[in-house]
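> Quick mapping for you: the protein sequence lines, in order, are chains A and B. Under our numbering, think of the first position of the first sequence as 1107, with each following residue one higher. Under our numbering, think of the first position of the second sequence as -3, with each following residue one higher.
Note that these hints are calculated values from the structure, not bench results. Just to be clear, a hint being listed does not mean it is correct.
[Stated by the list, open to error] Below, computed lysine-lysine pairings styled on DSBU-like, alpha-carbon distance capped at 30 Å:
1) K1131(A) / K74(B)
2) K1131(A) / K144(B)
3) K70(B) / K250(B)
4) K230(B) / K1131(A)
5) K1131(A) / K184(B)
6) K144(B) / K117(B)
7) K426(B) / K300(B)
8) K74(B) / K31(B)
9) K426(B) / K1118(A)
10) K7(B) / K35(B)
11) K74(B) / K1260(A)
12) K149(B) / K1131(A)
13) K300(B) / K230(B)
14) K71(B) / K191(B)
15) K1160(A) / K149(B)
16) K191(B) / K1118(A)
17) K74(B) / K117(B)
18) K149(B) / K31(B)
19) K1131(A) / K70(B)
20) K117(B) / K1131(A)
21) K7(B) / K70(B)
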Amino acid sequence: MSTSQVTAEFEKQVDELVSHYPVSKRSASLPLLHLWQETFGHISDEGVDWIAEKLELQPINILELVTFYPMFRQEPVGKHHIKICRTLSCALGGADKTHACFKKRIQAEGDDHGPLTSPDNNYTVEFVECIASCGTAPVVMIDDDFYENVGEEKVDELLKKYD
Amino acid sequence: MAAAERRIIFKNIDSPGYTNDIDCYIENGGYEVLKKSFKLEQQQIKDEVKSSQLRGRGGAGFPCGMKWSFIDIKKVQKPVYLICNADESEPGTFKDRQIIHKDPHQLVEGMIISCYANNVKLAYIYIRGEFPHGARILERALNEAREKNFLGKDICGSGYDLEIYVHRGAGAYICGEETGLIESLEGKRPYPRIKPPYFPAALGLYMCPTIVNNVETLCNVKHVMDLGGEEFSKIGKPNNTGTRVLCVSGDVQKPGYYEFECGALTLGELINDICGGVRNGNGLKAVIPGGSSAKVLRAGEQYKLKEKQADGSMAEREIGLEDIPLDFDSLMGVGSMAGSGGVIVMDDTRDMVECLANISEFYAHESCGQCTPCREGSLWMKKILGRMANGQARPEDAGLLKNVADNIAGRTICAFGEACSWPVQSFVTKFRDEFESKAERKKLTTV
Ligand SMILES: Cc1cc2nc3c(=O)[nH]c(=O)nc-3n(C[C@H](O)[C@H](O)[C@H](O)COP(=O)(O)O)c2cc1C
Ligand code: SF4
Ligand code: FES
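Just need the whole structure built from these sequences, with the hints factored in.
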């Protein structure tokens, strides 16, 4: 990612976000990281430097956020990011089976604890913690979209939607 | 016969034809309470909230009026901020999501009234990062409110100015702890702050007095001002006023969210009458009554519950799990807590070691790492439990787990220390046999 890809439109969105924090620009760090990741897919070193400069901070002030907050990533993931809740109510509802089924269908391999990406880079499947819909377990998010009661039988249909 | 639902906060949620835009909200009487409130002195609103006895819905159940009273708007020299805690991350809790998605203006109206009462000119809604649609819905709702001059300059001709912005978190549970939340909103890692000061009302956002309230609490403020504090306090029980949104999940036939007057319903009625009983025809084994941090209750347990009588005297009665009234004081009285309202039910086919291993994995993942007992202890509890669940349990593990947990609670910067220890302490104590025999049982089943 090169900063030359930062467009005027992007800058406009940045300025709007910064204006929400009239007391301290530093408060805009998280919003700018979200915007960067939504636009460019992940937080590159350039992203860290660019945001730090914009907010008149040191790069470490931004990098320490990227490494702490689970939603920010320094590496790209597959085209579609499938997040499956693994916390208690979803586990009682069969989240393990849902995860295993997604993993098999996208032909990902490896340890279930981290993000697993399909060989064609189209999908990444990952266990996450409670996403506040425990009454409709198991719960899955694909990119920004949210799905309830996702048993194994719904996996194929969902994957087709994101083909 | 179980009491009927009483929907105040969820009155319009899921009702046919109700949409989350401002026109629908106004057609249903929305923003009338706000207009009414602007005719009152700020202190009068604070007095109403105090007399309502409203308690916080975020977890700790702290009286809202008392929290607000720490800020004297006549004396305070610095700007006052208000933050709505919409981080909703306590496992088992899913009520704020519904309010945000389906009735955002109820929250916005409650927030504007709360801001006006405390002379707040700038407020934020801190919403967890995993609610991207929720954030967009709230942003739209705030824009709609701005267009109608419920926000911005000289709101409804009152001379009062207010701006509210949405701020998204990024996947860390600890951002729900109010001082961690404030650090996060300042653009830092969400490390909870050392206490004292105990309340952000003393020192909060940008080192200024700050009020942090949960989504449901702020919605309740609207209804307090609608009914009046005295009238509101008649709903529910003394010191446990208003309604409670209960989020039921796990092994029941009909999981979901239900709203009842505080204390109007027992845990048994909730599970059996409202939620259709335990699923798959199984028996009840255990219930976590207030989000995963609350101490577990075991079926068959007996409790001695002290209750205040109508004449003010105290009386004690012995009850079982199914007879526990669902309110703050009763759940505290039986050694657990009402917490965030998340009720997680486990049936008698469940292995308690596995259930606790699952919960402990959550806390190990979410510890912010500032305090050694919490950072190391949560990780060790997860490792021990993971090993036990994987068929390598040792007879001494139960004692070891209890020992680790006992050395975390009370020795940390924030209440996460208790949140991660209470499940371990209560599971191990109440299901001691199951933990101690795990070593043998695994051998038996693998033969
Ligand atoms: C570890 C931890 C996590 C918390 N998570 C939340 C949360 O997700 N939402 C919330 O409203 N309160 C949460 N709280 C409670 C807040 O610190 C705070 O007490 C609450 O937002 C105050 O609002 P209330 O008085 O209206 O309940 C959490 C507390 C702790 C210790
Ligand atoms: S108790 Fe745990 S979560 Fe809270 S500040 Fe200490 S390390 Fe962080
Ligand atoms: S446990 Fe999965 S959404 Fe809460």
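> Hints first: check each against the structure and report whether it holds.
The hints, checked one at a time:
{"no.": "1", "hint": "K1131(A) / K74(B)", "in the structure": "holds (19 Å)"}
{"no.": "2", "hint": "K1131(A) / K144(B)", "in the structure": "holds (28 Å)"}
{"no.": "3", "hint": "K70(B) / K250(B)", "in the structure": "violated (50 Å)"}
{"no.": "4", "hint": "K230(B) / K1131(A)", "in the structure": "violated (45 Å)"}
{"no.": "5", "hint": "K1131(A) / K184(B)", "in the structure": "holds (12 Å)"}
{"no.": "6", "hint": "K144(B) / K117(B)", "in the structure": "holds (18 Å)"}
{"no.": "7", "hint": "K426(B) / K300(B)", "in the structure": "holds (16 Å)"}
{"no.": "8", "hint": "K74(B) / K31(B)", "in the structure": "holds (27 Å)"}
{"no.": "9", "hint": "K426(B) / K1118(A)", "in the structure": "violated (58 Å)"}
{"no.": "10", "hint": "K7(B) / K35(B)", "in the structure": "holds (26 Å)"}
{"no.": "11", "hint": "K74(B) / K1260(A)", "in the structure": "violated (54 Å)"}
{"no.": "12", "hint": "K149(B) / K1131(A)", "in the structure": "holds (22 Å)"}
{"no.": "13", "hint": "K300(B) / K230(B)", "in the structure": "holds (26 Å)"}
{"no.": "14", "hint": "K71(B) / K191(B)", "in the structure": "holds (23 Å)"}
{"no.": "15", "hint": "K1160(A) / K149(B)", "in the structure": "holds (29 Å)"}
{"no.": "16", "hint": "K191(B) / K1118(A)", "in the structure": "violated (40 Å)"}
{"no.": "17", "hint": "K74(B) / K117(B)", "in the structure": "holds (11 Å)"}
{"no.": "18", "hint": "K149(B) / K31(B)", "in the structure": "holds (15 Å)"}
{"no.": "19", "hint": "K1131(A) / K70(B)", "in the structure": "holds (29 Å)"}
{"no.": "20", "hint": "K117(B) / K1131(A)", "in the structure": "holds (18 Å)"}
{"no.": "21", "hint": "K7(B) / K70(B)", "in the structure": "violated (36 Å)"}
This entry does not satisfy hints 3, 4, 9, 11, 16 and 21, going by the numbered hints stated previously.
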